[in-house]
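Visitor: Which chain is which? The protein sequence lines are A and B, in order.
Counting in my numbering, the final residue of the first sequence is number 315, and the numbers go up one at a time with none missing.
Counting in my numbering, the final residue of the second sequence is number 1532, and the numbers go up one at a time with none missing.
Some clues are possibly wrong.
Some chain A residues near chain B, calculated using beta-carbon distances under 7 Å [stated by the list, open to error]: (1) G40; (2) P169; (3) G173.
DEER-style ranges, computed between Cβ atoms [as the list claims (entries may be wrong)]: (4) A:T3 with B:P1251: 29 to 35 Å; (5) A:P309 with B:R1242: 45 to 51 Å; (6) A:Y11 with B:D1230: 57 to 63 Å; (7) B:K1376 with A:T241: 56 to 62 Å; (8) A:I89 with B:I1285: 54 to 60 Å; (9) B:I1285 with A:L22: 44 to 50 Å; (10) B:Q1412 with A:L61: 46 to 52 Å; (11) B:R1242 with A:P238: 49 to 55 Å; (12) A:N308 with B:R1242: 19 to 25 Å.
Simulated from the structure, these hints should not be mistaken for laboratory data.
Glycine included, C-beta positions come from ideal geometry on N, C-alpha and C.
Each chain, letter by letter, is given below.
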Amino acid sequence: MRTYLVKRIFYAAVVMWAVATLVFVALRAIPGDPISVMLGAEATPEAVAQLRANLGLDKPLPVQYLFWFRSLLVGDFGRSIITGQKVSILLLESAPRSFSIALFGLVIGLVIAIPTGIISAVKKYSVADHVGTSFAFLGLSMPNFWLGIILILLFSVELRWFPALGYVPLSGGVLPWLNHIFLPALAIGTQFSAIIMRMTRSAMLEVLGELYITTARAKGLQERIVVVKHALRNALIPIITVIGIAFALLLAGTVVIEDVFAIKGLGRLLVRGIINRDFPVVQGGILVIAMIFVFANLAVDILYTYINPKIRYEE
Amino acid sequence: MEQQGKVGPGMDRRGVLKLMAATGSVGLAHALGLRTRSAFAQRRASNELVAGWNLDQIEQLDPAFINTTEQMQIATNIFSGLVYADHNLVPRGDLAEGWEVSRGGRDWTFQLRKGVKFHDGSDFTADDVLFTYNRTSNPKVGSIHRRRLAEIDRVEKLGTYQVRFRLKSASAAFPMAALSRFPARAMAIVSRTALEKMGREQYNVTPVGTGPFRVVEHKVGSRLVLERFDDYFIQGKPKLKRITIIPVPEPETAVAALRTGEIQFHNRPPSQFLDVLRRDPDLVIMEGPDPGFQSLELNQDRVEAFKDVRVRLAIAKAIDRDELAKRGYFGRVLPDVGPIPAAQKLYFREQKRQISAQRYDPDAAVRLWDEAKVGKLKLTLLTSIVRGNLRGAQVLKPLIEQVLPIEFRVEQADPSVYFQRGRQGKYEAYLAGSGADVDPNDSLRDFFITKAKFNRFGYSNPTVDLIIEEQFREADTQRRVALVHLAEDLVMADCPLAFTHHLIEFVAMRKEVKNFRMSPTPTWDFSEVSLG
Chain A
1 MRTYLVKRIF YAAVVMWAVA TLVFVALRAI PGDPISVMLG AEATPEAVAQ LRANLGLDKP
61 LPVQYLFWFR SLLVGDFGRS IITGQKVSIL LLESAPRSFS IALFGLVIGL VIAIPTGIIS
121 AVKKYSVADH VGTSFAFLGL SMPNFWLGII LILLFSVELR WFPALGYVPL SGGVLPWLNH
181 IFLPALAIGT QFSAIIMRMT RSAMLEVLGE LYITTARAKG LQERIVVVKH ALRNALIPII
241 TVIGIAFALL LAGTVVIEDV FAIKGLGRLL VRGIINRDFP VVQGGILVIA MIFVFANLAV
301 DILYTYINPK IRYEE
Chain B
1001 MEQQGKVGPG MDRRGVLKLM AATGSVGLAH ALGLRTRSAF AQRRASNELV AGWNLDQIEQ
1061 LDPAFINTTE QMQIATNIFS GLVYADHNLV PRGDLAEGWE VSRGGRDWTF QLRKGVKFHD
1121 GSDFTADDVL FTYNRTSNPK VGSIHRRRLA EIDRVEKLGT YQVRFRLKSA SAAFPMAALS
1181 RFPARAMAIV SRTALEKMGR EQYNVTPVGT GPFRVVEHKV GSRLVLERFD DYFIQGKPKL
1241 KRITIIPVPE PETAVAALRT GEIQFHNRPP SQFLDVLRRD PDLVIMEGPD PGFQSLELNQ
1301 DRVEAFKDVR VRLAIAKAID RDELAKRGYF GRVLPDVGPI PAAQKLYFRE QKRQISAQRY
1361 DPDAAVRLWD EAKVGKLKLT LLTSIVRGNL RGAQVLKPLI EQVLPIEFRV EQADPSVYFQ
1421 RGRQGKYEAY LAGSGADVDP NDSLRDFFIT KAKFNRFGYS NPTVDLIIEE QFREADTQRR
1481 VALVHLAEDL VMADCPLAFT HHLIEFVAMR KEVKNFRMSP TPTWDFSEVS LG
């Protein structure tokens, strides 16, 4: 297991270096530059040239790459070209917001999806199954930004239960934090739950048809134990795989949702960075996201061994 | 097997209910939901205004680099200039108590206020005026407002509270064009001590000025918190204790937050929702003309046919501006045919739409096109999401195409590409305009003299150059008005740009926000605002 982990971490480092380099090159290959955004319509050629020199953007590309990569190795992501702020600070400020929304969205999604999926499988073709399936298709077809706006209209404008915008960090209190992230998390969690619900249903159906389930029932076990302990546990492997992949979907979903709820998270930071051609911000942001994906996948692989003890990684 | 599939293995009703309860988001919502109304009442009692801003993030607060009206609207509450533009666009003393003009309009001597403090506690003196001038005019700093100071030969310190600006030639527009707090920006007075202490990057985010509010917190993209500056040099101002500015880029969210009271003010409510906002009895909508113009730029350096004035005029005459305003901009703009905006009250002519060479006349457009013998033209119209121009371009395209044999391809670009190509003149037709033109000088001199700052469309007329320079130096108001009108008439007839409209500025606020006045600059001064 240890060798496996070391190998995976080495591959992760290579992947991240490749991502970093690719992003560095791609950003500079696309048209547009940060100076145009920074100076706007009032830019003069002299001001553009001066600012380009001040920011080191007039240096040859390989030199810029070496400077950037050298700083990266000592944990320095550089400064935003547009605002002058340290990228590491921007990432530290925005990442918890996106993770709060994504993780709470994950919880909401699972709380909705797993029980609904189980009911749908256990009560196949019943009214509950049809309701669950309809909900899943509805959830899949609703764009989350639209759902976000509907939730704002319902829960903020009409009922006044939740705020329409903004974010309060966890340090500001658990309730205010939950109060601010509930609607955005629900907006992305709904779509996520639809995917997981369908996955749970089909995985459960497959397992429920296995002989050992019949055996469990035959030996007189309670149906609850048959479903939860024998069927669900065995159905979890494909579900967890999908959760790992779908978490990426959740994080991607925060990009739009952060805009709708005016929360400056990782997604909004990145989108703004791309529009502004703010190279250091985009490079730093994408590196962090790449890191999350790599480690999320690694975590899923490790989790397999706990759920199914038969799975072992070769030394 | 089929029966088993239909009925499914048994699970008792209690189990099902338990699982369903687990999905009960309504209960969770009740548990988490805080009645936000009490928070709003609390905010009113603490004299704090929460404002939404039509921005993704507040990026530039250093006056030397502020490039958008939205950021200027905020910074006007942090900084002071030697003068400010009043509601009639007349310069009034800000940090200057008064001034004298001598040497035939070439020397401007300013008496500065005494006892003025920066937000960091340091004193304001003539040295700060010199520092700000030297900084903005230094090419190494790279300020976009450097050219506003180009008419200044030198600045002299005559005493701790007296400075003299020696101009290269006389200029009536000098105080507004170069020295106004905003929109000139070039001489919004910055704190040398704060700049040296913080560094340029931090100063850009949490600047220090002498204005009515000081920055106490700025989480870029999340919120900017301004607090009353107790040592502000005007007694009794500001009235608000605190202003929190939240960037709200999504129109629907801005509308919802205004209606719930989460924000009490919005600097630019989305025009497509103005009717919704107007129907809410708790909200007040104000509007006023924006000082700028919007136009279709016709690049003579890129399209040979545009060198023929008949082709340019034909395009201008083919544009039904009323239809463009209605469909392209939700009727929230002022259709027009020239560069001088309604905000410049002294210079604006109501009858311009009737007398302009560019007035809508599709028959004349066809005649001019036929005379020019250009046949069919295929053109690319470069546009962006900036200020609703993408929608405008999509409406403008068929309006022109149904009159003239032109086939437009609307090319949408990111703002970074849009501005870059605009600056470099890499376009055939370009939907763009000017902003913050508080003086005719901004509308004419920056665009229409040969090789002017924004003349990237290859226009040159020596007579126009002469008249524009003449109005710049003319001290007599009546003569200046006549010169401005003459220059505008010539520009409209030469048609380097097909003028389309002027923007209208809107603000939305809740009824408890009192004493807010719209300025034509358009900068939003909160120093007199209170909560009732």
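Visitor: Run every hint past the structure and note whether it holds.
Guide: Okay, the hints, checked on the actual structure:
1. Evaluation of the G40 (chain A) hint against chain B yields a held restraint, the C-beta minimum of about 3 Å falling below 7 Å.
2. Hint status for P169 (chain A) relative to chain B: violated, with the closest Cβ pair at about 10 Å, above 7 Å.
3. Using the Cβ-Cβ criterion of 7 Å, the hint placing G173 (chain A) at the interface with chain B is not satisfied: the shortest such distance is roughly 10 Å.
4. About 55 Å separates the C-beta atoms of T3 (chain A) and P1251 (chain B), a value inconsistent with the hinted range of 29 to 35 Å.
5. For the hinted restraint 45 to 51 Å between P309 (chain A) and R1242 (chain B), the CB-CB distance of approximately 59 Å leaves it violated.
6. Checked against the given bound of 57 to 63 Å, the beta carbons of Y11 (chain A) and D1230 (chain B), roughly 59 Å apart, stay inside it.
7. Distance hint check for K1376 (chain B) and T241 (chain A): the Cβ-Cβ separation is about 58 Å, which falls inside the suggested range of 56 to 62 Å.
8. Distance hint for I89 (chain A) and I1285 (chain B): a CB-CB separation of about 38 Å, inconsistent with the stated range 54 to 60 Å.
9. Between I1285 (chain B) and L22 (chain A) the Cβ separation comes to about 48 Å, which falls inside the hinted range of 44 to 50 Å.
10. Q1412 (chain B) and L61 (chain A) have their C-beta atoms about 28 Å apart, which leaves the hinted 46 to 52 Å range violated.
11. Range check, R1242 (chain B) to P238 (chain A): about 53 Å between beta-carbon atoms, so the 49 to 55 Å window is met.
12. The hinted range of 19 to 25 Å is not satisfied by N308 (chain A) and R1242 (chain B), whose Cβ atoms lie roughly 57 Å apart.
Violated hints, listed in ascending order, are 2, 3, 4, 5, 8, 10, 12; each of the other numbered hints is respected by the structure.
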